[in-house]
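A.B. asks: Chains A and B, in that order, give the protein sequences.
All residue numbers for the first sequence refer to the working numbering, where the first residue is 1 and numbers rise by one.
All residue numbers for the second sequence refer to the working numbering, where the first residue is 1 and numbers rise by one.
Calculated directly from the structure, the hints in this document are not laboratory data.
Check each hint, because a few of them may be wrong.
[Said to hold, decoys possible] Per label pair, the in silico range of CB-to-CB distance:
1. Ser112/A <-> Val146/B: 50 to 56 Å
2. Thr40/B <-> Leu321/A: 53 to 59 Å
3. Thr40/B <-> Gln113/A: 46 to 52 Å
Note that beta-carbon positions come from the ideal geometry of N, C-alpha and C, so glycine has one too.
The lines below spell out each chain.
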Amino acid sequence: MTTSVPPAAQLRRLHPLTPIFRSWRLIGAGAAIGVGAFRDNLDQLSFFWDVLRGEAELSVLIKVALVVLAVALVAVLGAWLSWRVTWFAIVAEPPGPGTLLLHRGLVVRQRSQVRLSRVQSVDVNQPLVARLVGLAVVRLEMAAGDDASVSLAYLGAKDAWALREEILRHTSATGSATGLASGSASDGDETSPLLPQAGGRDDVLVAEVSTSHLVKASLLAGAPALLITLGWLVGLAVVAAVWGSGPFVAGLAGIVPVTYAIVVALRQQVAAVLTDANFRLYRTPAGIRISAGLTSTINRTIDTDRIQGIRIEEPLLWRRLRWARVEVDVAGAADEAKAASLMPVTTRSQALTLVHELTGVDLDAGGARLPGAGARRLDPLGWRHLAVVLHDHGAVTAYGRWRQTRFFVPYARAQSVSVQQGWLQRRLNVATLHLDMPKGVSRWAAHHRDVAEAGELGDELAERARRHRSTRSFAPPPAVAESGSEPADAAHLSESRRPLARWESDRSER
Amino acid sequence: MIWHAATLSGFREWRVLARGYCGGVRETAADRLFVDPSLTWERVSPALLIERRLVVVGPALVGLVLLVWGLVGLEGTGAVVVTTLGAVTLIASALMWFVVIPSMVSSWRYAEREQDLLVTRGRMFRQLTVVPYGRMQVIEVSANPVSRRLGIATLTLVTASAATDARIPGVPADVAQELRDRLAAKGEAAAAGL
Numbered sequence: 001m002t003t004s005v006p007p008a009a010q011l012r013r014l015h016p017l018t019p020i021f022r023s024w025r026l027i028g029a030g031a032a033i034g035v036g037a038f039r040d041n042l043d044q045l046s047f048f049w050d051v052l053r054g055e056a057e058l059s060v061l062i063k064v065a066l067v068v069l070a071v072a073l074v075a076v077l078g079a080w081l082s083w084r085v086t087w088f089a090i091v092a093e094p095p096g097p098g099t100l101l102l103h104r105g106l107v108v109r110q111r112s113q114v115r116l117s118r119v120q121s122v123d124v125n126q127p128l129v130a131r132l133v134g135l136a137v138v139r140l141e142m143a144a145g146d147d148a149s150v151s152l153a154y155l156g157a158k159d160a161w162a163l164r165e166e167i168l169r170h171t172s173a174t175g176s177a178t179g180l181a182s183g184s185a186s187d188g189d190e191t192s193p194l195l196p197q198a199g200g201r202d203d204v205l206v207a208e209v210s211t212s213h214l215v216k217a218s219l220l221a222g223a224p225a226l227l228i229t230l231g232w233l234v235g236l237a238v239v240a241a242v243w244g245s246g247p248f249v250a251g252l253a254g255i256v257p258v259t260y261a262i263v264v265a266l267r268q269q270v271a272a273v274l275t276d277a278n279f280r281l282y283r284t285p286a287g288i289r290i291s292a293g294l295t296s297t298i299n300r301t302i303d304t305d306r307i308q309g310i311r312i313e314e315p316l317l318w319r320r321l322r323w324a325r326v327e328v329d330v331a332g333a334a335d336e337a338k339a340a341s342l343m344p345v346t347t348r349s350q351a352l353t354l355v356h357e358l359t360g361v362d363l364d365a366g367g368a369r370l371p372g373a374g375a376r377r378l379d380p381l382g383w384r385h386l387a388v389v390l391h392d393h394g395a396v397t398a399y400g401r402w403r404q405t406r407f408f409v410p411y412a413r414a415q416s417v418s419v420q421q422g423w424l425q426r427r428l429n430v431a432t433l434h435l436d437m438p439k440g441v442s443r444w445a446a447h448h449r450d451v452a453e454a455g456e457l458g459d460e461l462a463e464r465a466r467r468h469r470s471t472r473s474f475a476p477p478p479a480v481a482e483s484g485s486e487p488a489d490a491a492h493l494s495e496s497r498r499p500l501a502r503w504e505s506d507r508s509e510r
Numbered sequence: 001m002i003w004h005a006a007t008l009s010g011f012r013e014w015r016v017l018a019r020g021y022c023g024g025v026r027e028t029a030a031d032r033l034f035v036d037p038s039l040t041w042e043r044v045s046p047a048l049l050i051e052r053r054l055v056v057v058g059p060a061l062v063g064l065v066l067l068v069w070g071l072v073g074l075e076g077t078g079a080v081v082v083t084t085l086g087a088v089t090l091i092a093s094a095l096m097w098f099v100v101i102p103s104m105v106s107s108w109r110y111a112e113r114e115q116d117l118l119v120t121r122g123r124m125f126r127q128l129t130v131v132p133y134g135r136m137q138v139i140e141v142s143a144n145p146v147s148r149r150l151g152i153a154t155l156t157l158v159t160a161s162a163a164t165d166a167r168i169p170g171v172p173a174d175v176a177q178e179l180r181d182r183l184a185a186k187g188e189a190a191a192a193g194l
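In isolation and in its complexed conformation, chain A is listed as follows (with noise of 0.2 Å):
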């Protein structure tokens, strides 16, 4: 792997208008220290009448927009300087995979290597400045975090959107050069799930999500909280009314936090309304790429192969409705919680198609093991929804009194296997199993089993995830024959509807 600089007609850089970006917050605070100084001059209102009407000493006013300038052209000049010396180039040696070279730094030069192959996603993202003058910010995500992922700030908008096909490529190419997906090549499918044409035209469009159904079903899904807290103030409000302002003082310490705590969670949903906005979601020939956003707007391309973890949620005002949502975990984006949601709200029937087409797994099949009797006591209102179903190539749990969630891992990528007891359950006789997920992918548990259930379940669980372990999330392994889950699929899928799943095409090949 080449470490030197590439040839110069290989090197890129950032769009022109990155410095005047970079350092506004620069120039804003110049402007502000430039005011400060002059404050004195300045604190009154007034003065800025006597500049309008030309009657404020001239010499103040060109002392303040000196400063502001000379700061404004130092910030613009430094901005500029590390603009130039900003680079990137994608080097490839054709059978191995590419590398995307990264060299910035004015001062403490900085230059970085990211090997395509390792790349779990790549977004393009606009925040809404930058929106507005048709720029964007392509971001690498990799599987070591948030520390490793890569933001190239800022790029004109097509050339973004070429760069995140080029670099696709680079991470679909690699699939075939390790022999993970190297099936497609010879499978005779005459549009190879593996090789994207460029443009990002080959997308197609497979859902999204009306601004109006997205806030009838936060609302929804807000509701019971929201109601019990105002509830709660209610309450308060009462008793200070009935015995006077004791009560109501000592209330007060709960009317606080209360309050609080629902302004958050308000801000909060009004947050998640803004950036799932305009959801779209994709079928692109890596994956599915998601599109969303009102005032700053998303991109996030996720490799079908990548998704560790897949989960449909109905919270309880959905479900006489039929809704749900659809969330996947990445190994890697655990910091950023939205950018899991693969479907913010969609009915029922189509979130159990998506997470079929994308893992082969129905959710609602059958064959679920009920926990034992010691769930009952000692989760008496949620022990209902617990289940598990083992799958082929990976396990269902199925969990939660007020928001229902059924929580898909694949065997593949499971780390350990570990069981816990507490005493409470010691007594009871019951043990919690989990499955150890790479960072960034929620813990597998199946809550309160029996203890002779368990061991046999964690045992299985064990030997399924040995088994799967050399094969990739979703692939079934060479010994297991698919054919249980197999006939639901016609039913599923329509006939444009390509499978998402990779697997699909390796297996045809097995």
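Put chain B on the given structure of chain A with help from the hints.
C.D. replies: Quick look at chain B alone, frame taken from chain A:
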């Protein structure tokens, strides 16, 4: 050597006591779940007991000093009562830990299977972790000054998952080295990616 003799006798004695407190010996289905009788389980070194108890000795001594100071050196009823109560609480909790520690230490066990390593621990809150050799990314042997003095070390298995809690404290240093090399070899043989 004196250390070890002292530990061993102390260990046995306290284990007998601990049975009464924690019911750790009656065999139930749960015991078979966490400590499979068909496997050979290695126990951790009794020297770990000393290390764990040393941690408790510090607060206990502080409590004693406080107690003496409160009863002898202080004047004024309020100050004496507060100091004495604090001291007694400290000493009592230290004593309680002192009594419970043997049962906790003796609950740490590990077993090597063909494909994976089992680590089990805990009396009140029990835990069994099954780590496949192929998933081990890093095997760490660490020892603080006290454990070095006692000739024991802590072996930690790191996988790609942060939730994997496979730590074996109190492994005799030479055994730890051997175990590390053996596990590394097995890991290499069974290696699988993320």
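A.B. asks: All the hints need checking, so say for each whether the structure fits it.
C.D. replies: Right, here's what the structure says about each hint:
Between Ser112/A and Val146/B the Cβ separation comes to about 41 Å, which falls outside the hinted range of 50 to 56 Å. Our hint of 53 to 59 Å for Thr40/B and Leu321/A holds, since their Cβ atoms are close to 57 Å apart. At about 47 Å, the beta-carbon gap between Thr40/B and Gln113/A stays in the expected band of 46 to 52 Å.
Of the numbered hints given earlier, the model fails hint 1 alone.
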